[in-house]
Amino acid sequence: MMPEQIDLASFSILLLLLPVAVAPFIKRSQRLLSSLTFFVTGAASLLSVIAGGWSVSTGQTQKIQLLIGLPDLPFHLRLDPLAGFFLSVIGLLAFFVSVYSIGYVKGILAKRSVTSLAIFYCLFLAGMYMVVLSDDALIFLISWEVMAAASYFLVMFENERVENRRAAFLYMVVAHVGAIAILLSFGVLAGLAAGFGSFSGYTFDAMRSAQFPLEWATAAFLLSFFGFAAKAGVVPLHVWLPEAHPVAPSNISALMSGVMLKTAIYGIIRVTFDLIKVFPWWWGAIVLVFGLVSAVMGVLYALMQHDLKRLLAYHSVENIGIILIGVGLAMIFTSFKLPLLAALALTAGIYHTLNHAMFKGLLFMGAGAVLHATQERNMEEMGGLIHVMPWTAALFLIGCVSISALPPFNGFVSEWLTFQAFLLSPSLPSPLLKLLIPMGAALLALTGALAAACFVKAFGVTFLGHWRGHHRPNIREAGWSMRLGMIMAALACFCLGIFPTLVIGWMDSIPQQLVGTGLVTSAGTFGWMWLTPVAYERASYSGPIVFLGILSVVVAAYFLLHVKPGAIKRVPIWDCGFEKINQRMQYNATSFAMPIRRIFGFLFHIKEHTGIGPQSGHKAFPKKLHYSLRVRDRFWGWLYRPVIELSFWISRKVGRLQQGRIQAYLIYSFLTIIVLLVFLR
Amino acid sequence: MYPFLIEILQVLILLAIAPAFVGWVRVLKCWSQSRDSAGIFQPYRDLRKLFSKDVVLAENASWIFRFTPYLVFGTAVIAGGIIPILSVDLPLAATADVIVLVALFAIARFFTALAGMDIGTAFGGMGSSREMTIASLAEPAMLMAIFTMSLASGSTSLSHMAQVILSGQPVLRPSIAFALFAFILIALAETGRIPVDNPATHLELTMIHEAMILEYSGRHLALIEWASMMKLFLFVVLGIAAFAPWGIAPSGNLMAVPPAFIFMVLKLGVAGIVLVLIETGLAKMRLFRLTEFLGSAFLLATLGMLSYFILE
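So the protein lines, in turn, are chains P and W. Per my numbering, the first sequence starts with residue 185, numbered consecutively. Per my numbering, the second sequence starts with residue 81, numbered consecutively.
Worth flagging that the hints you see were computed from the coordinates, not collected in a lab. From a predicted model like this one, the values you see are computed outputs, not experimental measurements. Don't take each hint at face value.
[To be verified] Restricting the straight-line Cα-Cα distance to at most 20 Å, the calculated cross-link-like pairs of lysine to aspartate or glutamate (EDC-like) are: (1) P/Lys808 - P/Glu792; (2) P/Lys211 - P/Asp389; (3) P/Lys764 - W/Asp134; (4) P/Lys753 - W/Glu392; (5) P/Lys247 - P/Asp389; (6) P/Lys791 - P/Glu564; (7) P/Lys807 - P/Glu763; (8) P/Lys764 - W/Glu392; (9) P/Lys748 - W/Glu284; (10) P/Lys618 - W/Glu284; (11) P/Lys247 - P/Glu188; (12) P/Lys791 - P/Glu342; (13) P/Lys753 - W/Glu139.
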């Protein structure tokens with residue numbers, strides 16, 4: 185009998201538990217443990233890519249019931265195209281990152297034990313696979329918690345630093361507030377599906393077959409959206425993300441930003457399109473508005489950063505926003521019974537999910553390579569790395585071009601599809617939406633352009649110019665396994681950008697499953713070279729021709745100009761005849777973002793201070809200038825500070841109960857029993 | 081066969097006429113300021129001079145610095161194959177709609193900005209920072225203008241848009257008028273003309289585009305200069321194709337191509353006059369007033385969209 189896809193997927197999860205099981209026995213040999221872990225996770229990830237990709241391309245749905253679980257409440261697993269898609273996205277990036285980790289973790293081995301890293305890395309991956317495979321609320325929440333707890337320990341990996349512990353704590357709090365909301369949402373759905381007296385509504389199948397009254401469905405949707413948004417880092421629930429992602433080891437940051445956030449996207453799509461199914465348009469509008477706000481705020485905050493990994497983390501907020509724009513538009517189109525447009529918007533959203541996993545994984549791996557080589561996260565101290573790390577620089581550049589939505593790479597395709605979905609909004613029947621939705625397209629355009637500015641800054645300050653720091657360390661290029669992981673991710677970015685029609689054809693079973701119609705009949709009419717999402721007259725794009733066209737002109741121009749060998753003279757930089765230029769005169773991350781900071785400054789909490797140091801001689805020639813700048817998230821003061829203060833206030837009040845005297849505690853127990861006896865007779 | 085010939089012809093026209101158009105603008109500007117001009121062919125002589133000179137590179141210039149001129153040139157040439165200049169029968173037109181076209185210009189800008197930061201001088205970084213800021217403000221306005229234009233024809237494909245306008249009766253639509261005004265403001269910003277940037281100055285405090293390419297020399301500079309001439313030409317023909325395509329040969333009509341060329345030259349002449357009137361009439365704006373300038377472009381484009389829904 186042929187192994188079925190879901191068996192393959194389950195096997196890959198079991199395989200991930202192997203290193204966890206043997207880790208305590210071989211922790212003496214750290215080198216063996218690390219190679220075993222990453223070899224096994226690489227193999228398991230490949231298996232899940234195959235399982236997921238296969239189930240997407242066949243469009244089949246398979247289920248199994250596990251023999252373990254609570255009494256009478258067995259666990260259910262299910263592999264349908266949607267789950268298969270997310271399984272293969274997670275698996276693909278996990279494969280690249282596992283290859284990368286073989287080299288990356290070698291650098292950590294010298295400094296500390298990697299046993300906890302190895303164990304929680306496997307559990308983290310297993311948790312993510314289980315989340316997308318689960319088919320009942322119980323195992324979904326258990327896997328969700330495994331994923332959150334494992335990633336908490338990974339963020340805490342370098343736990344001797346206060347900022348890491350603080351970030352991990354904040355992450356844990358937000359993750360749990362979100363998890364409670366998801367639990368409540370499933371509670372509402374399960375209760376409505378089979379009555380609040382019975383437990384049989386906990387399977388997703390029961391929820392699928394139920395009809396929900398609008399007000400209860402709305403409550404469930406809002407709760408689950410809140411919970412998943414907290415995990416995805418949607419503004420204003422994003423504050424944990426730029427704290428937690430940068431402090432984890434870089435391979436973990438790549439996975440957290442690249443795919444862990446996507447499990448929340450998966451959750452939103454699963455709950456709305458698959459479990460609840462029928463919803464009013466304003467649910468989509470909520471998702472769209474939060475997506476737009478996240479996209480714009482995420483990129484603006486990213487521009488203000490000078491820590492390379494924090495900058496990338498804020499870009500995850502932005503990209504989650506872009507994905508939610510697609511999902512929100514798909515929800516609006518679905519509620520107005522426009523399935524083809526919904527399929528387009530949904531395809532744009534999930535395509536961006538795949539793309540973001542690839543380029544964000546690539547960028548975090550690149551940032552990890554830089555961190556590995558320079559021991560520095562602050563971009564203000566870097567520069568000129570392109571000369572010493574040519575591979576990392578070129579691969580990081582591919583990531584930058586992809587995330588900035590420039591053709592012919594992948595980020596452009598999904599943003600282009602999102603724009604096309606926006607441009608079709610005039611076919612909505614509601615005049616108000618017709619007028620308002622195009623504004624969203626303008627915000628998306630703003631986001632794309634600001635992202636390009638941000639990555640000119642990130643790449644330009646890190647890799648170009650001269651080294652900005654005072655002491656230049658001895659920098660070496662990343663090793664082969666790290667390079668290989670990045671090369672594969674870069675190739676994925678390129679192929680996803682050049683062959684969008686093939687990818688859309690592959691993932692077409694997802695819109696068919698969720699909104700009832702596919703896109704391939706209109707998207708692939710003219711063969712693999714042409715992407716025509718709605719109709720040929722409407723819009724078309726051909727990645728291969730754009731790429732080959734530019735390439736051939738570039739090559740032709742190069743050879744025409746090099747017919748006779750032209751001399752290139754290398755000279756020092758022209759310093760306009762004044763004193764010698766030094767490396768501190770270059771533009772840096774702060775100065776690059778200054779015009780944008782000034783224009784959009786009202787969105788931030790900015791403290792800028794310029795001071796003049798001791799003077800010698802005339803007042804106009806101070807010896808030293810001090811400049812300090814602090815840009816803070818306004819949301820922290822608006823939303824979080826009051827909540828934190830309130831919870832401290834309540835705990836102080838509750839703390840009065842703690843008398844420290846045994847008599848008082850006995851009275852509390854006695855009173856509790858009396859109260860319980862009165863109410864629960 | 082014949083669409084491919086048109087395609088090649090268009091690219092040749094782009095390469096050949098773009099410097100002449102810039103020369104025409106400079107001649108007009110000289111006349112309007114009662115100066116003697118160097119003639120319409122001066123840009124060709126400039127290019128020839130630059131191509132024959134040796135390249136002088138800064139010591140720490142990386143491959144990005146050397147690759148950028150070719151890429152900028154390449155994207156400009158490809159864009160010339162997409163915009164209907166002479167005829168709407170373009171095989172390449174289907175490879176890219178207006179959004180892709182805008183993204184093509186964005187690649188060139190992205191790499192030019194990187195090249196500006198490559199050498200590590202203050203000027204380069206300053207130019208890159210300003211250029212990317214202006215681009216990010218111009219982009220939403222550009223998209224709104226595209227959106228408004230695409231409403232009437234139901235398409236973002238340029239040759240299809242032009243065909244729809246060509247086959248219909250010439251009517252004055254208020255939405256298109258608003259979009260045209262917005263487009264002119266954006267085009268001034270994107271091509272670096274007064275009041276946003278001054279292509280003729282190398283004054284430190286006001287440079288934007290020139291600051292990024294300050295370190296270039298020889299054939300690299302020639303390619304960049306040629307590409308920026310083509311960019312100006314392309315924005316003009318883009319405006320013509322989207323707002324006033326009359327004269328462009330419709331599909332399958334070979335006889336209409338020579339008159340289309342004459343029409344194109346006439347329209348370019350008029351566009352040059354309009355450009356010079358704007359440039360002599362206005363002073364260069366401070367960098368931080370550009371928010372208002374591009375904000376009004378956005379507002380105009382939005383008004384265009386609203387008027388389409390309300391009036392048409």
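- Between P/Lys211 and P/Asp389, does the CA-CA distance stay at or below 20 Å? 43 Å, violated
- Item | Restraint check for P/Lys618 with W/Glu284, where alpha carbons must lie at most 20 Å apart | The given pair, whose Cα atoms are some 46 Å apart, is violated under the 20 Å limit.
- Query: Taking 20 Å as the top limit, are the C-alpha atoms of P/Lys748 and W/Glu284 close enough?
  - Reply: 36 Å, violated
- Query: Is it true that the CA of P/Lys247 sits at most 20 Å from the CA of P/Asp389?
  - Reply: Within the cut-off at roughly 11 Å; holds.
- Task: Please work out if P/Lys791 and P/Glu342 have their alpha carbons no farther apart than 20 Å.
- Result: Since the Cα atoms of P/Lys791 and P/Glu342 sit roughly 31 Å apart, the hinted pair is violated (cutoff 20 Å).
- Message: Given the hinted pair P/Lys807 and P/Glu763, is their Cα-Cα distance within 20 Å?
- Response: 17 Å, holds
- Given the proposed pairing of P/Lys753 with W/Glu392, does the C-alpha separation stay at or below 20 Å? With Cα atoms ~61 Å apart, P/Lys753 and W/Glu392 exceed 20 Å; violated.
- Query: Does the structure keep P/Lys764 and W/Glu392 at a Cα separation of 20 Å or less?
  - Reply: 63 Å, violated
- Keeping to a limit of 20 Å between CA atoms, is the pair of P/Lys764 and W/Asp134 held or broken? Status violated; Cα separation ~25 Å.
- Task: Please work out if P/Lys791 and P/Glu564 have their alpha carbons no farther apart than 20 Å.
- Result: 19 Å, holds
- Query: Would the pair P/Lys753 and W/Glu139 pass a check requiring their Cα atoms to be no farther apart than 20 Å?
  - Reply: The given pair, whose Cα atoms are some 9 Å apart, holds under the 20 Å limit.
- Does P/Lys808 pair with P/Glu792 here, judged by a C-alpha cut-off of 20 Å? It holds: about 17 Å lies between the C-alpha atoms, which stays within 20 Å.
Consistency with the previously given hints fails for numbers 2, 3, 4, 8, 9, 10 and 12, ordered from lowest to highest.
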